[in-house]
Amino acid sequence: MGQLKREYHFLSWAGRLVLVSTGSGALAFTLYPWIVPTMTGMYQAKASPETPRAQLISVALLAPVMLLYNPHGSRLFSRRIRDLLLPQNPLQRGTCRQNLRIATWQAVYLQPHR
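Residue 1 is where the sequence shown starts when you use this note's numbering, and the numbers rise one by one after that.
Read the hints as simulated data drawn from the structure, not as lab findings.
Keep in mind that the hints are not guaranteed to be accurate.
[As the list claims (entries may be wrong)] So the derived label-pair ranges between C-beta atoms look like this:
hint, residue 1, residue 2, range
1, Ser24, Gln55, 52 to 60 Å
2, Thr40, Gln106, 55 to 63 Å
3, Pro52, His72, 29 to 37 Å
4, Thr104, Trp13, 14 to 22 Å
5, Ser78, Thr51, 35 to 43 Å
6, Ala54, Thr22, 44 to 52 Å
7, Pro71, Val36, 40 to 48 Å
8, Ala54, Thr104, 37 to 45 Å
9, Phe77, Pro33, 41 to 49 Å
10, Gln98, Tyr32, 53 to 61 Å
The beta-carbon is built from N, C-alpha and C at its ideal position, and this holds for glycine as well.
Whenever a hint applies, use it, and build me the whole structure from the sequences.
This is the structure:
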């Protein structure tokens, strides 16, 4: 029974992979004449002066947000994992794998779906 479920998971993944790759191939096939340029010189292909300026502004705005959010997210996530793996009640302590299995089951089946 467990082996059958694994095969179904693989078939689902393989089906999605085939669907996405077929769609991408069909899109590339239909757009082929417009993807390959006929003759483009260096000065025709250069970006407008506003493009690097817009990229610099967006990086200047997003970099501090990412640099502040990533440590916050990792600290929050590590705290949650620590609480899941090491319960406060010593009577509930088992192995890390058991606690993670129980916590995953509780998160999936006991939480109300939104």
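Checked hints:
1. Ser24 <-> Gln55: 52 to 60 Å: Given about 26 Å between the Cβ atoms, the range is violated.
2. Thr40 <-> Gln106: 55 to 63 Å: 58 Å Cβ-Cβ, so the 55 to 63 Å window holds.
3. Pro52 <-> His72: 29 to 37 Å: Given about 30 Å between the Cβ atoms, the range holds.
4. Thr104 <-> Trp13: 14 to 22 Å: Between Thr104 and Trp13, where Cβ atoms are some 20 Å apart, the hint holds.
5. Ser78 <-> Thr51: 35 to 43 Å: 39 Å, holds
6. Ala54 <-> Thr22: 44 to 52 Å: With a Cβ separation near 35 Å, Ala54 and Thr22 fall outside 44 to 52 Å, so the hint is violated.
7. Pro71 <-> Val36: 40 to 48 Å: For Pro71 and Val36 the Cβ distance comes to about 45 Å; the hint holds.
8. Ala54 <-> Thr104: 37 to 45 Å: Since the Cβ atoms of Ala54 and Thr104 sit about 43 Å apart, the hinted range of 37 to 45 Å holds.
9. Phe77 <-> Pro33: 41 to 49 Å: 48 Å, holds
10. Gln98 <-> Tyr32: 53 to 61 Å: 55 Å, holds
Violated hints, listed in ascending order, are 1, 6; each of the other numbered hints is respected by the structure.
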